[in-house]
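Chemist: Listed below, chain by chain, are the residues.
Protein chains: 4
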Amino acid sequence: MLIVMKPGATRTQVTAVLQRVEELGCKGHSMPGRNRTAIGVTGNQGPLPTERFGSLDGIARLIPVSPPYKLVSREMQSENTIVRIGDLEVGGGQFHVIAGPCSVESREQILSVARSVAAAGATMLRGGAFKPRTSPYVFQGLKEEGLKLLAEARDETGLYIVTEVKDTDTLPMVADYADVLQVGARNMQNYSLLEAIGKTDRAVLLKRGMSATIKEVLMAAEYIFSAGNQRVMLCERGIRTFETMTRNTLDLGAVAVMRDLSHLPVIVDPSHGIGIRKHVPKLSRAAAALGCDGLIIEVHPKPDEALSDGDQSLTPELFEQTMHDLRKILPVVGSTLATRAD
Amino acid sequence: MLIVMKPGATRTQVTAVLQRVEELGCKGHSMPGRNRTAIGVTGNQGPLPTERFGSLDGIARLIPVSPPYKLVSREMQSENTIVRIGDLEVGGGQFHVIAGPCSVESREQILSVARSVAAAGATMLRGGAFKPRTSPYVFQGLKEEGLKLLAEARDETGLYIVTEVKDTDTLPMVADYADVLQVGARNMQNYSLLEAIGKTDRAVLLKRGMSATIKEVLMAAEYIFSAGNQRVMLCERGIRTFETMTRNTLDLGAVAVMRDLSHLPVIVDPSHGIGIRKHVPKLSRAAAALGCDGLIIEVHPKPDEALSDGDQSLTPELFEQTMHDLRKILPVVGSTLATRAD
Amino acid sequence: MLIVMKPGATRTQVTAVLQRVEELGCKGHSMPGRNRTAIGVTGNQGPLPTERFGSLDGIARLIPVSPPYKLVSREMQSENTIVRIGDLEVGGGQFHVIAGPCSVESREQILSVARSVAAAGATMLRGGAFKPRTSPYVFQGLKEEGLKLLAEARDETGLYIVTEVKDTDTLPMVADYADVLQVGARNMQNYSLLEAIGKTDRAVLLKRGMSATIKEVLMAAEYIFSAGNQRVMLCERGIRTFETMTRNTLDLGAVAVMRDLSHLPVIVDPSHGIGIRKHVPKLSRAAAALGCDGLIIEVHPKPDEALSDGDQSLTPELFEQTMHDLRKILPVVGSTLATRAD
Amino acid sequence: MLIVMKPGATRTQVTAVLQRVEELGCKGHSMPGRNRTAIGVTGNQGPLPTERFGSLDGIARLIPVSPPYKLVSREMQSENTIVRIGDLEVGGGQFHVIAGPCSVESREQILSVARSVAAAGATMLRGGAFKPRTSPYVFQGLKEEGLKLLAEARDETGLYIVTEVKDTDTLPMVADYADVLQVGARNMQNYSLLEAIGKTDRAVLLKRGMSATIKEVLMAAEYIFSAGNQRVMLCERGIRTFETMTRNTLDLGAVAVMRDLSHLPVIVDPSHGIGIRKHVPKLSRAAAALGCDGLIIEVHPKPDEALSDGDQSLTPELFEQTMHDLRKILPVVGSTLATRAD
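Protein chains in written order, with my numbering: chain E, 2 to 343; chain F, 2 to 343; chain V, 2 to 343; chain W, 2 to 343.
Since the hints were made in silico from the structure, they are not lab data. Any given hint could be a false lead.
[Stated by the list, open to error] Just a few of them, taken from the derived set where beta-carbon distance is under 10 angstroms, the chain E residues facing chain F: (1) 83; (2) 86; (3) 87; (4) 188; (5) 210; (6) 216; (7) 223.
Glycine included, C-beta positions come from ideal geometry on N, C-alpha and C.
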């Protein structure tokens with residue numbers, strides 16, 4: 002931490018601050034400058050309690066220096082983490098596409114989507130069985146029935162299953178069926194859920210909260226990590242800004258920064274990132290060309306009849322075209338589309 | 002809903018839209034304009050499924066007309082809801098101040114704060130026993146021990162207890178001790194928690210999420226309401242914006258709008274709203290002069306030694322001065338400071 | 002500035018950084034910590050060129066310590082600046098209300114408003130003659146004719162004139178008529194205009210840009226100051242956020258912070274701050290109770306017929322009621338409503 | 002426009018609204034619904050004055066239907082506008098890269114950059130001669146001397162010149178030298194400047210304001226268009242959000258939407274879009290893969306010694322590598338890198 006004194010701070014005030022630093026078991030380095038003195042603090046383990054300086058006079062500002070996340074940072078581990086899901090490896094150079102409907106709606110629907118996205122080259126199937134919805138009056142998911150249908154689709158197609166876990170109560174049931182537990186944007190700071198997931202052995206897809214900073218995303222991953230589960234994939238799905246013509250503002254710059262600061266894989270969700278079907282393929286291509294580890298895309302056999310997110314779901318045809326384009330773009334960034342071991 | 006056709010839409014396209022409206026059991030009103038045709042839809046119960054129009058040609062935009070919240074709106078109930086907590090009435094004209102530390106830290110601390118805020122005129126005591134924190138490495142609260150200390154403080158001072166409930170697992174325990182269940186900003190869209198709280202008989206203080214729109218706050222309240230619990234107080238605690246000099250941006254305009262659109266009481270949290278101790282009294286006065294139903298303020302006997310939020314906690318002296326000012330401002334807006342029935 | 006080295010930075014890398022610091026004529030203070038070394042830099046005049054460190058290895062982050070604004074800061078001048086406008090003093094404890102229509106529309110309109118706001122206790126008259134509008138197709142103001150009408154209203158009522166200056170071309174003309182030059186939110190970073198205004202002797206009302214940080218507002222004021230004009234009043238008028246139910250989000254927390262960091266008066270614009278007539282009086286009371294130096298409020302004799310901003314303009318009756326409330330609130334914060342010397 | 006009445010609105014209130022609509026020369030279509038009546042308004046030219054409904058009772062909301070921009074919309078012109086700059090065509094399928102330093106600093110610097118970006122395949126040279134800077138104390142550009150150096154670089158390399166115009170005073174001089182007038186983000190709503198530029202015959206690169214909505218960008222372009230200049234290119238350069246780890250948040254979703262709503266070319270600025278050198282090539286690739294009409298990239302021979310924006314400038318080597326990647330990505334989206342006619 003750096004403690005910046007006010008321009009007119011007295012020698013006595015500086016001494017009092019240095020003394021408080023020592024009381025906390027740290028070392029203070031006084032740097033008298035042209036206009037003001039700054040005091041560098043070293044030797045602390047973890048963040049210093051800023052409150053302890055609140056009553057001291059002459060302090061202008063306290064500036065934290067070390068990032069609060071540890072385990073998920075490149076400073077701790079410089080090589081990429083590879084998250085293994087069955088025979089798949091995410092984060093090691095191969096590009097994975099997770100595809101499927103927003104919600105599992107029926108046996109026919111999910112099997113139909115699974116077959117078409119598998120044929121087009123996806124390695125994992127997405128589909129919500131427990132849906133957090135902003136309105137209590139709309140479809141909330143098929144629940145365990147939906148999970149069973151996902152398992153059936155896995156058995157038939159070999160696609161691994163990514164599905165959202167909504168709360169700690171249903172976590173054991175969801176973990177029974179899922180290969181990857183998705184934490185939704187609204188639950189990114191649901192710490193009880195993060196801790197519980199951290200105690201399972203399931204891979205995790207952690208979505209960035211609607212207004213979460215990059216630092217907060219990494220801290221949420223740190224929660225899961227520190228509870229014992231290191232199989233975490235980060236997911237950028239757009240943030241909330243003043244712009245209302247798009248559902249969210251997809252922050253591809255954050256993808257570059259997260260991939261740089263952390264050793265965890267980063268997946269991009271272009272569907273929620275813009276919310277408009279015809280633009281989803283464009284953002285899919287952009288994310289691949291940037292250099293992320295994969296995509297999660299909503300696909301529905303009949304988007305017009307979807308019970309949720311129909312406006313942003315690709316048709317199987319649009320999805321296939323998108324995969325076609327990705328195959329050509331990925332080699333430019335030294336990646337290739339992953340394939341399932343049949 | 003209003004369906005706006007593109008300028009060049011054909012008669013056949015308009016007819017197809019009108020037919021789809023009828024299939025959904027509604028009535029379409031065609032309005033041919035100078036440049037384009039618009040189609041008003043009436044007769045629907047609840048929001049229309051916009052997906053059903055996704056494949057039809059010639060549509061420029063779909064504009065929803067009715068707000069998605071019902072039970073909490075003034076359109077449903079024009080008179081103010083009065084939330085009764087013991088002998089207190091919130092929302093009926095009297096102004097309530099909830100005060101106390103961020104976290105319950107010790108018996109001595111909580112009793113000391115309780116006595117001083119009671120003496121200064123607070124009617125409720127706040128204090129966290131289960132703390133959601135952004136870092137897994139910092140103090141997470143005293144848990145049940147903290148709840149017991151809050152109950153002891155209530156017994157001694159007569160202050161009602163407001164404390165945060167973090168998850169469904171600990172909800173029954175927290176509900177055993179608390180008079181008011183606080184839903185934190187990060188849990189505002191934790192629907193499983195909202196539903197569970199909706200099935201209790203406890204009053205609720207629902208904090209606005211960091212990036213929640215007014216509409217989303219009202220939808221979150223609607224979740225609790227529709228599950229059976231009508232004793233909900235809304236709480237504005239600042240939103241996240243681009244400004245970083247303040248912890249959050251307190252949105253007093255939203256307080257005015259929420260009070261107008263909904264019949265529920267609105268409480269303001271100036272402590273989280275700015276995060277800087279010396280400015281908290283100013284925002285407290287501002288919120289009272291605006292015309293809200295109460296405040297929730299962090300007070301700590303020794304803010305410098307607080308285990309959390311010390312930077313924004315008032316000293317008992319500053320709190321007393323603030324209450325003094327509120328007593329003079331409230332009559333201007335036709336309100337008065339509530340008192341406990343001794 | 003503080004230079005934070007990466008955890009694994011070598012001694013050679015640290016030495017290279019220290020050498021670069023010396024080349025820039027500054028002094029580097031090395032602070033070896035538990036995990037990493039930090040280097041404090043002192044002795045610099047003005048901000049250090051961060052580019053000069055871009056090619057050096059082993060650097061994790063550069064953290065600026067001193068604020069970039071100087072002349073407008075309390076560190077430079079601790080007592081409040083008092084801006085004198087004729088016999089009025091803004092910033093010295095008296096509270097000023099600037100009122101009037103968005104645009105000057107006609108002789109009858111502006112005289113009618115001027116008389117009613119003067120009678121209710123305003124000290125200055127606002128009214129736009131040159132209007133920056135988002136659409137090229139709407140009313141752009143009466144131009145010089147509007148300025149003449151404002152001058153006539155001043156002659157009759159004794160109200161000083163606040164009017165917007167839109168560009169450098171029309172600045173001389175506007176300065177001829179106006180007592181206070183208003184810089185609109187969209188021009189807050191129009192540096193050519195700021196410099197030109199800085200060379201006039203007119204008082205200035207500088208509106209915060211729609212997405213300007215507090216620091217940027219102060220830097221904009223610094224532009225005017227450094228060009229020679231010290232008669233600057235800051236104006237908070239709401240910022241752009243994700244919330245769309247209100248026209249802007251009035252940031253009263255920023256008012257408290259700006260008043261603290263700078264010696265300049267701060268005026269609040271509740272009309273643009275929310276954009277909804279019935280809520281303007283509430284935010285006016287809130288701003289006064291917070292403790293600012295004045296308000297600028299839109300008033301129109303017939304808001305329904307206003308050529309601009311009618312939705313947020315008060316009727317003369319609502320304005321009078323608001324002034325009535327302000328008179329009662331101001332003494333609580335040690336202020337009183339200013340009066341014109343007749 | 003759609004006028005939504007309150008649920009309890011009386012027949013008399015509805016009639017009064019219909020009458021007001023007629024007074025404005027329009028036609029009102031009453032649609033009585035289950036809970037409320039809505040009134041569609043047709044026949045209006047341009048936006049309806051919402052103020053005229055302010056005093057009528059029973060109205061819940063007014064919803065605008067038509068977009069406010071006309072000339073720049075696809076509804077007005079469905080084919081892409083092609084902006085011709087000398088022998089170049091922007092917007093017609095070829096991809097253009099504008100490259101060069103933030104500021105022109107010296108003859109040696111600008112000629113060196115010009116040669117290297119020309120060799121790597123750029124078609125235009127950027128470089129600021131008049132720099133709007135947030136601080137009055139830093140380098141403001143070489144002014145006319147800088148323009149002359151740009152012209153010299155054009156003569157030698159054949160690159161067309163893109164340079165910022167800061168105000169109306171210097172517009173004639175800048176237009177004398179420049180091929181493309183750049184309007185900076187802070188000037189996007191400087192309407193006096195837009196109008197003046199609209200009267201020149203120069204091509205324009207219009208940067209999106211820091212917090213400008215897509216609609217506002219299009220309205221700014223409409224200003225230039227309606228003044229007579231149709232050679233406008235839009236430029237996405239990142240918006241301001243709550244995220245502070247990146248300089249701005251590049252909004253590629255907005256690029257897709259603007260390209261769809263308007264017939265104007267869209268250029269992307271990845272340098273300001275993230276502000277971190279090592280990530281600029283990634284965002285460059287992403288923007289090309291999305292499908293825009295070109296890029297504007299900051300390149301400096303010695304970024305460490307740049308007088309401005311050194312942190313985000315590419316070295317000539319990094320730029321060359323980026324161009325290499327673009328050549329491989331563009332064919333995937335049916336585009337190719339443009340070349341200068343030598």
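Chemist: Double-check residue 188 (chain E) for me: the hint is only fine if its C-beta lies closer than 10 angstroms to a C-beta in chain F.
Modeler: 7 angstroms, holds
Chemist: Hint validation: residue 210 (chain E) versus chain F, beta carbon distance must be below 10 angstroms. Holds or violated?
Modeler: 8 angstroms, holds
Chemist: Tell me if the interface restraint on residue 223 (chain E) is satisfied: Cβ within less than 10 angstroms of some Cβ in chain F.
Modeler: Hint holds; residue 223 (chain E) Cβ to chain F Cβ min 6 angstroms, cut 10 angstroms.
Chemist: At a threshold of 10 angstroms, is the proposed contact between residue 83 (chain E) and chain F supported by beta-carbon distances?
Modeler: This hint is violated: residue 83 (chain E) lies away from chain F, its Cβ roughly 24 angstroms from the closest one there, beyond 10 angstroms.
Chemist: Min Cβ distance, residue 87 (chain E) to chain F: is it shorter than 10 angstroms?
Modeler: 29 angstroms, violated
Chemist: Regarding the hint that residue 86 (chain E) lies at the interface with chain F, is the smallest CB-CB distance below 10 angstroms?
Modeler: 25 angstroms, violated
Chemist: Taking 10 angstroms as the limit, does the beta-carbon of residue 216 (chain E) come near enough to a beta-carbon in chain F?
Modeler: 9 angstroms, holds
The earlier numbered hints that this structure contradicts are 1, 2 and 3.
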